[in-house]
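S.K.: Based on these hints, arrange chain B on the given structure of chain A.
Protein chains: 2
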Amino acid sequence: MALSERILLGPGPSNPYPEATAGLAAPLLGHLDPEFIKLLDRACDRLRTVWGTANPVTLPLSGTGSIGMEAAFANTVRPGDVVVVAVNGVFGVRMCEVASRYGAEVIRVDHTWGEPVDTERVLAAHPSPAIVAAVHAETSTGVESDIAALGAALRSRSTETLLLADCVTSLAGIPVAVDAWGVDIAYSGTQKCLGVAPGLAPFTFSERAWERRVEVPPVWYLDLGLLGAYVHGAPGSGGRVYHHTAPTAMIASLDAALARIQEEGLDAVTERHRAVGARLQEGLQEMGLEPFAAEGHRLPQLTSVRVPEDVDSAKVRERLLTEYDIEIGAGVGDLASTIWRIGLMGHNARLDRAELVLSALRRVLER
Amino acid sequence: MALSERILLGPGPSNPYPEATAGLAAPLLGHLDPEFIKLLDRACDRLRTVWGTANPVTLPLSGTGSIGMEAAFANTVRPGDVVVVAVNGVFGVRMCEVASRYGAEVIRVDHTWGEPVDTERVLAAHPSPAIVAAVHAETSTGVESDIAALGAALRSRSTETLLLADCVTSLAGIPVAVDAWGVDIAYSGTQKCLGVAPGLAPFTFSERAWERRVEVPPVWYLDLGLLGAYVHGAPGSGGRVYHHTAPTAMIASLDAALARIQEEGLDAVTERHRAVGARLQEGLQEMGLEPFAAEGHRLPQLTSVRVPEDVDSAKVRERLLTEYDIEIGAGVGDLASTIWRIGLMGHNARLDRAELVLSALRRVLER
Chain A
1 MALSERILLG
11 PGPSNPYPEA
21 TAGLAAPLLG
31 HLDPEFIKLL
41 DRACDRLRTV
51 WGTANPVTLP
61 LSGTGSIGME
71 AAFANTVRPG
81 DVVVVAVNGV
91 FGVRMCEVAS
101 RYGAEVIRVD
111 HTWGEPVDTE
121 RVLAAHPSPA
131 IVAAVHAETS
141 TGVESDIAAL
151 GAALRSRSTE
161 TLLLADCVTS
171 LAGIPVAVDA
181 WGVDIAYSGT
191 QKCLGVAPGL
201 APFTFSERAW
211 ERRVEVPPVW
221 YLDLGLLGAY
231 VHGAPGSGGR
241 VYHHTAPTAM
251 IASLDAALAR
261 IQEEGLDAVT
271 ERHRAVGARL
281 QEGLQEMGLE
291 PFAAEGHRLP
301 QLTSVRVPED
311 VDSAKVRERL
321 LTEYDIEIGA
331 GVGDLASTIW
341 RIGLMGHNAR
351 LDRAELVLSA
361 LRRVLER
Chain B
1 MALSERILLG
11 PGPSNPYPEA
21 TAGLAAPLLG
31 HLDPEFIKLL
41 DRACDRLRTV
51 WGTANPVTLP
61 LSGTGSIGME
71 AAFANTVRPG
81 DVVVVAVNGV
91 FGVRMCEVAS
101 RYGAEVIRVD
111 HTWGEPVDTE
121 RVLAAHPSPA
131 IVAAVHAETS
141 TGVESDIAAL
151 GAALRSRSTE
161 TLLLADCVTS
171 LAGIPVAVDA
181 WGVDIAYSGT
191 QKCLGVAPGL
201 APFTFSERAW
211 ERRVEVPPVW
221 YLDLGLLGAY
231 VHGAPGSGGR
241 VYHHTAPTAM
251 IASLDAALAR
261 IQEEGLDAVT
271 ERHRAVGARL
281 QEGLQEMGLE
291 PFAAEGHRLP
301 QLTSVRVPED
311 VDSAKVRERL
321 LTEYDIEIGA
331 GVGDLASTIW
341 RIGLMGHNAR
351 LDRAELVLSA
361 LRRVLER
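Heads up: the sequence lines are chains A and B, in that order.
First residue of the first sequence: 1, per UniProt numbering; consecutive thereafter.
First residue of the second sequence: 1, per UniProt numbering; consecutive thereafter.
Bound conformation, chain A alone (with noise of 0.2 Å):
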C-alpha cells in the first residue's frame, strides 16, 4: 500500500530534514560502537548549543516528547514534594497528573487557556515549592510563556525551588536559554522544530537538580544515574556503561538535523520561524479569521485560529487532507472544533508552506 505524502503543518509531527531522513535511512551503527559514542557525543553538543546550556546532563532519551515530562518529575520527585504547576493548556494538566503518580502534593495554578502563565500567580501559590513547573510553548493553545521572568523571580526569592520548563514545541523554533533564564529541567520532542520524526525526547537537567535528584527513580528506564552511565561514560569506570539498546537510527538523524541547523545558525532558524509564523498569521487575519491565542504571546511556530461559527472544522481538516495532501491540527479538549492549530516548523517554516496552506483554506473555505 503506497502512502499519501503528506504536508504535516499541524502541531508536529512535522516534515523532517531531508538530512534528518537521509540519517535515519543511513547504515545503522550499533550502540556501542565507537563511531556511533562519537555521534552521541557531538549530538550532545549541539543539543547543549540548542538548549543554551552547559549542563553535564543533557541527552536525547528513548522516547517521544512526554518521555521527557515523565523523566523529568520521575527523577525529581520524592512522595509529598510540594509541586506547584501552572496550567493554561493540555499540556499544564498533563504536568499535574505525572507529577502525581510520583506522589508530588500538587498545587495546580489554572489560567484561562489561551492566555500566557502569570508569573505572581505561580509564585503566589506556595512559598518554598520543591519544583515549579510551567510550558514554554503551550502546543494545545499556541501561547507562549515568559519562562525568562519565571526564572528570573524564582531566583530572587529562592535557590531552593527546581524550574521545570516544558520546551517540546520551543526548542529551535523560538529563543530558549536553559542556563541565562535558571532552568534545571527542560525536555522537548525530535518531531516539532527540530525537524526530527518523532522517537527522541531531548533533555537536560542542571547540576543543582542532579544533586537534589532521586538517587533510585521509580522507573528504572529513565534512571538518569544509570543513563549518564552510557551516555557520559561512569566516573571511575573509564568507558560507556550499557544501560538500554539506544535507538541509534533516531539519534544518527537527530545529529544530522542539528548539524543543518547549526550551519543555518540557531538565530537565523529561530528568525525563520518568526517571520513565516507572522506571515502565516497576517494571511489568516487578513480571510477574516480570529486568533485564539492572546496578543503579544501567539507562538509563530503554532498558530490557533478560530473556526468560523458556521464552518464544521473537521469537514475542514478532512478536504484539506484529501484534496491538498495537508495536515492540519483540531483543538483538543473543549477546544476541539472550535479551534485549528497551524504549524510551520522545522523544515515546514517556509514561506512557501505559509502561502500554500494560506491559499488551500481559502479555497476550502470559499467551496
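The set of hints was computed from the structure by calculation and includes no laboratory data.
Given the structure is predicted, the values throughout are model-derived calculations rather than measurements.
Accuracy of the hints is not assured; some may be wrong.
Just so you have them, the derived chain B footprint on chain A, three or more residues with Cβ under 8 Å [to be verified]:
1. 4-14
2. 17-26
3. 189-200
4. 216-226
5. 247-260
6. 263-277
Each residue gets a CB set at the ideal place from its N, CA and C atoms; glycine is no exception.
M.R.: Just chain B now, kept in the frame of chain A:
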C-alpha cells in the same frame, strides 16, 4: 563525517531489512492521520501473528526493548506482590531490579549462567506468586529456555499466577507461541530478529493480565489503559484518543519488516535462523572454539563462544571492526572478556553472513 557501513553481528542491533530502512525514510505520517491509524492497526495484527496470540492488547511501545520490561512490571506489580524471577543471565537480573522498583517482593531463582531455566526450581520457589518471570532467549549467554514447559507447569497448578516472558531476542528468530504456552505478558525489541532499527518494544498482554492490571500505574507514559485508548480506540469514544505522539517513522518501518516476514512466512524465517545458526556453531567448533551455552539449549540467532585462553578478546573485536567492518559482541559482567557473542538475526540470518564472520574470525585469530 561519513559513517562506516557496519555488518552488525553482535547481540543487536542487527542490520535492518531493506524494506524496514525504506519504511523509516518514507514520507512521514502524522500519528492521527487515518492512513497512519490503518498502518498501525495492520502492524498490530502482524505483531499478533508473530507473537502467536489473539490478545487485543498487542502493540509496539514507544521505546527500545527495555521499555517493554518496564511496562510489563509497571502495569502489573502492586507493592508487596510476590514475583518469582528465574535468573540465568543479565536480563533476569534486570527483571529483579525493575520489579523491585515497583515494590515487588522478588524471589530470585539463580541458575548457572549458560544453563537454561529449570522449571521445577522456579515452581518450587513459591506456591502462589503474583507473577513468574523468565527470559526466553537470554541475550547475555545465548541460551534458550523452555517457556512452553514453564507455562504448562504453571497452568496445571493455578490460574492466578501471571507468566511474564522476555522475548527481546527470541521473537521472529525462534518459535514463540504466547497463547499456546499460556504467557500473559511478553515484550520484545525491534532491533534483533525482527530486522528493524532499535526504537520500539513490541508488547502483548493477555485478557487475564488486563483484568488484573494496575489501573493507575506509576508511569504515565506506559499506562496501558491510556495507551490502549490511542492504539485500539477507547470504548465508547468511537475513535482514538491522543495519548502521546507515536513514533510514526519507526512504526512504518516495523510494519514494513513484518510485511516482509509475512511474505517469507514466519516458519521459513525461523527455519532460516535455525539453519544459519547451526552452520555458524558448527564452523566455530571446527575452528576449535568452545561453545559457552549448554548443549541442546543454544540459540541459533545468538551464539556465545568462549574466547581462547591466550587471546585478547577486545583486540579481536577491534580488528574485526576496523579491518572488516564486522561488529560482534563481548560478554557482559563476569563474562566480559571470556566470551564473544555472535548474532545472525533478522536480515543477517543468512549463510553469507555466517561464512563471512567465520572466515574473518579465522584470519584474525591466525595472525
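S.K.: Closer than 8 Å Cβ to Cβ for three or more residues is the test here. Does the segment 263-277 of chain A pass it with chain B?
M.R.: violated (count 0)
S.K.: Using C-beta distances, would you say chain B covers the segment 216-226 of chain A, given that this needs three or more residues below 8 Å?
M.R.: Result for this restraint: holds, n = 6.
S.K.: Establish whether the coverage given for the segment 247-260 of chain A by chain B is satisfied; the threshold is a Cβ-Cβ distance below 8 Å, and no fewer than three residues must meet it.
M.R.: n = 5 at 8 Å, threshold three: holds.
S.K.: Mind taking a look at whether chain B covers the segment 17-26 of chain A? Criterion is 3 or more residues with CB to CB distance under 8 Å.
M.R.: holds (count 5)
S.K.: For the segment 4-14 of chain A, does the count of residues with a C-beta closer than 8 Å to a C-beta of chain B reach 3?
M.R.: holds (count 7)
S.K.: Report holds or violated for chain B covering the segment 189-200 of chain A, Cβ cut-off 8 Å, minimum 3 residues.
M.R.: Answer holds; 5 residues pass the 8 Å Cβ test.
Of the numbered hints given earlier, the model fails hint 6 alone.
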